[in-house]
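> Quick mapping for you: the protein sequence lines, in order, are chains Y and E.
Last residue of the first sequence: 284 (the UniProt record's numbering), numbering continuous.
Last residue of the second sequence: 393 (the UniProt record's numbering), numbering continuous.
These are calculated hints, taken from the structure and not from any lab test.
Careful, some of the hints might be misleading.
[To be verified] BS3-like cross-link-like pairs, simulated, lysine-lysine; straight-line CA separation at most 30 Å:
{"id": "1", "chain 1": "E", "residue 1": "164", "chain 2": "Y", "residue 2": "187"}
{"id": "2", "chain 1": "Y", "residue 1": "20", "chain 2": "Y", "residue 2": "6"}
{"id": "3", "chain 1": "E", "residue 1": "164", "chain 2": "Y", "residue 2": "200"}
{"id": "4", "chain 1": "Y", "residue 1": "200", "chain 2": "E", "residue 2": "146"}
{"id": "5", "chain 1": "E", "residue 1": "146", "chain 2": "E", "residue 2": "216"}
{"id": "6", "chain 1": "E", "residue 1": "151", "chain 2": "Y", "residue 2": "206"}
{"id": "7", "chain 1": "Y", "residue 1": "20", "chain 2": "Y", "residue 2": "95"}
{"id": "8", "chain 1": "E", "residue 1": "146", "chain 2": "Y", "residue 2": "187"}
{"id": "9", "chain 1": "E", "residue 1": "163", "chain 2": "Y", "residue 2": "206"}
{"id": "10", "chain 1": "E", "residue 1": "151", "chain 2": "E", "residue 2": "164"}
{"id": "11", "chain 1": "E", "residue 1": "354", "chain 2": "E", "residue 2": "324"}
{"id": "12", "chain 1": "Y", "residue 1": "187", "chain 2": "E", "residue 2": "216"}
{"id": "13", "chain 1": "Y", "residue 1": "200", "chain 2": "E", "residue 2": "354"}
{"id": "14", "chain 1": "E", "residue 1": "324", "chain 2": "Y", "residue 2": "187"}
{"id": "15", "chain 1": "Y", "residue 1": "206", "chain 2": "E", "residue 2": "234"}
{"id": "16", "chain 1": "E", "residue 1": "146", "chain 2": "E", "residue 2": "206"}
{"id": "17", "chain 1": "E", "residue 1": "146", "chain 2": "Y", "residue 2": "206"}
{"id": "18", "chain 1": "E", "residue 1": "92", "chain 2": "Y", "residue 2": "200"}
{"id": "19", "chain 1": "Y", "residue 1": "187", "chain 2": "E", "residue 2": "354"}
{"id": "20", "chain 1": "E", "residue 1": "151", "chain 2": "E", "residue 2": "206"}
{"id": "21", "chain 1": "Y", "residue 1": "206", "chain 2": "E", "residue 2": "154"}
Chain residues, written in single-letter form:
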Amino acid sequence: MDPVSKFLAAWKIPIGAWGKAFFTFLTDHFNAVFRGFSNGLNFLLDGLVDALLLLPPVLVVALIALLAWYLQRSRALAIGVFIGLLFIINQGLWKQTVETLVLVVAATIASMAIGVPLGIWAAHKPKVYRVMLPVLDLMQTLPTFVYLIPVLTLFGLGNAPGLIVTIIFVIPTAVRLTHLGVTSVPKAIIEAGEAFGATKSQLLWKVELPAALPTIMAGLTQCIMLSLSMVVFAALIGAGGLGTEINRALGSRRIDLGLEAGLAIVVLAIVLDRMTRIGVGDKK
Amino acid sequence: MNVAVDFKNVDIVFGPDTADALAMVDRGATRAEILEQTGNVLGCAGANLTIHEGEISVLMGLSGSGKSTLLRAVNRLNIVSRGQVLVKDGEKMVNVVSCDAATLRRLRQNQVAMVFQQFGLLPWRTVEENVGLGLELAGVPDAERKARVDKQLKLVNLDPWAKKYAHELSGGMQQRVGLARAFATEAPILLMDEPFSALDPLIRTKLQDELLQLQKTLKKTIIFVSHDLEEALKIGSHITIMEGGRIVQTGAPEDIVLRPANDYVRDFIANVNPLSVLTAWNVMRDRRDLESAGRGWTWLDRRKTTRFKVDKDGLVAAAERDGKPVEWVSCTDVEQHPEDGTQVYWANPGTPLKTVMLAMHRSQTAPVALFDEQSRFVGAIGVRDVLSAVLRR
Ligand SMILES: Nc1ncnc2c1ncn2[C@@H]1O[C@H](COP(=O)(O)OP(=O)(O)OP(=O)(O)O)[C@@H](O)[C@H]1O
Ligand SMILES: [Mg+2]
Chain Y
1 MDPVSKFLAA WKIPIGAWGK AFFTFLTDHF NAVFRGFSNG LNFLLDGLVD
51 ALLLLPPVLV VALIALLAWY LQRSRALAIG VFIGLLFIIN QGLWKQTVET
101 LVLVVAATIA SMAIGVPLGI WAAHKPKVYR VMLPVLDLMQ TLPTFVYLIP
151 VLTLFGLGNA PGLIVTIIFV IPTAVRLTHL GVTSVPKAII EAGEAFGATK
201 SQLLWKVELP AALPTIMAGL TQCIMLSLSM VVFAALIGAG GLGTEINRAL
251 GSRRIDLGLE AGLAIVVLAI VLDRMTRIGV GDKK
Chain E
1 MNVAVDFKNV DIVFGPDTAD ALAMVDRGAT RAEILEQTGN VLGCAGANLT
51 IHEGEISVLM GLSGSGKSTL LRAVNRLNIV SRGQVLVKDG EKMVNVVSCD
101 AATLRRLRQN QVAMVFQQFG LLPWRTVEEN VGLGLELAGV PDAERKARVD
151 KQLKLVNLDP WAKKYAHELS GGMQQRVGLA RAFATEAPIL LMDEPFSALD
201 PLIRTKLQDE LLQLQKTLKK TIIFVSHDLE EALKIGSHIT IMEGGRIVQT
251 GAPEDIVLRP ANDYVRDFIA NVNPLSVLTA WNVMRDRRDL ESAGRGWTWL
301 DRRKTTRFKV DKDGLVAAAE RDGKPVEWVS CTDVEQHPED GTQVYWANPG
351 TPLKTVMLAM HRSQTAPVAL FDEQSRFVGA IGVRDVLSAV LRR
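In isolation and in its complexed conformation, chain Y is listed as follows (with noise of 0.2 Å):
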């Protein structure tokens, strides 16, 4: 080793003790929170899982499709709807398929319901925005697995430590598409809703949220996207669903099972995307 890389090596900065330091720490003070946090996480989850079990599937695949049409009237959709998820029923795969979709559901929700008041904050401060930036960067790009291990030794295993770790890896999505679309809307428009006398939630409400629309269901159908395929990362920190199927043909080499769950993935992919995207049906 040459002399610069060898003191180099010798003076190695600690960030992994450092960050190891400060994990035990919230574990040691903190752990009944976190764990408390989870335990009710993971009771809403299952229930809603459980009570969606209870009702016959075929019931509830006749309910998404209706759903669907409802969304997007159009009776191709809804039929396609139907039969798809038929097609799960049919490789015995509805348990696991009712679990990923609450995971990914709620996982949506919650990021929307962060990312998209987070994006309108970051464009309307570009200050706020450059700062978010770096972090939003961090959450995409710091590979998945490195963040399992602290969320498990957080929130244990179960759902609920899936669902955190499927937001953090979607929130950014969120927030950028709503920042994109928000600060995207012509000037033209909100200078024309500043010269009536617009408040700034009025402008806010009337003006910019009902332009930057398309951009942020855009954002919506992402996030979904983005929910589904952390299903199987999930599922090693002890989420259920569709992934736990995968890792069980991963882990005994099944390609029949693989093929099954990553068919229903697929399938499950395809009713969220259409179901939310805008300009599907007949509508404009």
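Based on these hints, arrange chain E with the ligands on the given structure of chain Y.
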């Protein structure tokens, strides 16, 4: 006449630190110098302009001369760096530059409405929802809002389109929506920033006519930005010409055409047909400047072909042309008289110069007399007066 908007020494500088730029403005620096030395853009400098109620005041100038900047100071879409912008608010004048947010909002909702060049309509709203925007923001109850919106839509002939979206309408129709939206608030002051520039010439002319027609009954105070002199002359009761952020001349259309303040203005009006703005009043020689012909007679022209005898009340008692007595008749019915020079025509101060010229032509270049409302002799126009006005010499 009451003042509706009053600009007092208004300076507008765009940039983070305006102090240095304002100091340069005081030294009379140009926009280019200010930009080079301070990095700030001079929007407008030392603007003084008074706009009375019921006027259509047109701001004119080349692109970048600061017209929009000055206009947008009226509802504080632009922040004024220094000076006052007084806007009539009921019985008092409010300084928009320094008023609080609530007052500004009230002014924007009730006193000052705006029409935009690119229409500024909200694409997700129907025509009627767009027209109702100002009322909605001001919290006008639904029923009243609907009634007022319907009324405005009828006024601009858009009622069949109420439920359509803006993109389903042609440009001309979209701007009528913009007009209706501004009218709906019943604000007495209207700001129009090149409202018709984005439209093709035919539609533009049509909307200009419609605006003038509406103005006859609505009697708004309109500040209108335009870079089209024909448009300015057509609709403006006053015209203000701007150059490099400064006002170079302000006055009635014919003042601008007859007495351009500098070469910039002269260039502007170079292609204007003076006949479209000039009236008899603008070119006449005053009675007191006419040469006496003795014993109560006055020569109407320098060539001494025609003279009037005027009594002590200012009324014409007798007329002579080339030594022979002639009649004096109004030039409004010039077509009905023979072209033989057996009469002298008279006009009113407001008679278009075109008509005066026709009368001259039909009377073998005889001078045309000018009578006021009480038929008193006030002045005369000779051929040379007409020629110098038309040639601007
Ligand atoms: N918000 C702004 N920030 C910085 N500079 C501005 C801003 N608005 C206008 N300016 C500058 O101020 C000057 C005057 O602009 P203004 O828009 O008033 O011109 P205008 O006479 O309306 O021209 P046009 O006919 O092109 O609309 C221009 O140099 C312009 O670049
Ligand atoms: Mg402009």
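> Look at each hint and say if it fits the structure.
Tested hints:
About 23 Å separates the Cα atoms of residue 164 of chain E and residue 187 of chain Y, which keeps this hinted pair within 30 Å; it holds. At roughly 25 Å between alpha-carbon atoms, residue 20 of chain Y and residue 6 of chain Y fall within 30 Å of each other, so this suggested pair holds. Taken as a hint, the residue 164 of chain E and residue 200 of chain Y pair is honoured in the structure, with Cα atoms around 28 Å apart against an allowance of 30 Å. For a cut-off of 30 Å, the pair hint linking residue 200 of chain Y to residue 146 of chain E stands: about 24 Å separates their Cα positions.
Proposed proximity of residue 146 of chain E and residue 216 of chain E is supported: the alpha carbons are some 25 Å apart, at most 30 Å. Distance restraint check for residue 151 of chain E and residue 206 of chain Y: the Cα-Cα separation of roughly 23 Å lies within the 30 Å cut-off, and the hinted pair is therefore satisfied. A C-alpha spacing of about 37 Å is found between residue 20 of chain Y and residue 95 of chain Y, which places the hinted pair above 30 Å, so the restraint is violated. With a CA separation close to 28 Å, the supplied pair residue 146 of chain E and residue 187 of chain Y stays within the 30 Å bound.
Simply put, residue 163 of chain E and residue 206 of chain Y have alpha-carbon atoms about 18 Å apart, close enough for the 30 Å limit, and the pair holds. For the suggested pair residue 151 of chain E and residue 164 of chain E, the alpha carbons sit about 17 Å apart, so the restraint of at most 30 Å is met. Between residue 354 of chain E and residue 324 of chain E, the direct Cα distance comes to roughly 27 Å. Compliance with the 30 Å bound is thereby established for this hinted pair. For the proposed pair residue 187 of chain Y and residue 216 of chain E, the alpha carbon gap of about 33 Å is over 30 Å, so the pair is violated.
Taking the CA atoms of residue 200 of chain Y and residue 354 of chain E, the gap is near 55 Å; set against the 30 Å cutoff, the hint is violated. Between residue 324 of chain E and residue 187 of chain Y, the direct Cα distance comes to roughly 73 Å. Violation of the 30 Å bound is thereby established for this hinted pair. Restraint check for residue 206 of chain Y and residue 234 of chain E: not satisfied, since their Cα atoms lie roughly 37 Å apart, outside the 30 Å limit. For the given pair, residue 146 of chain E sits about 27 Å from residue 206 of chain E by alpha-carbon distance, which is consistent with the 30 Å threshold.
Restraint check for residue 146 of chain E and residue 206 of chain Y: satisfied, since their Cα atoms lie roughly 18 Å apart, inside the 30 Å limit. The straight-line distance between the Cα atoms of residue 92 of chain E and residue 200 of chain Y is roughly 27 Å, inside the 30 Å bound, and the hint therefore holds. Distance check on the hinted pair: residue 187 of chain Y and residue 354 of chain E sit about 46 Å apart at the alpha-carbon level, beyond 30 Å; violated. Simply put, residue 151 of chain E and residue 206 of chain E have alpha-carbon atoms about 21 Å apart, close enough for the 30 Å limit, and the pair holds.
Taken as a hint, the residue 206 of chain Y and residue 154 of chain E pair is honoured in the structure, with Cα atoms around 25 Å apart against an allowance of 30 Å.
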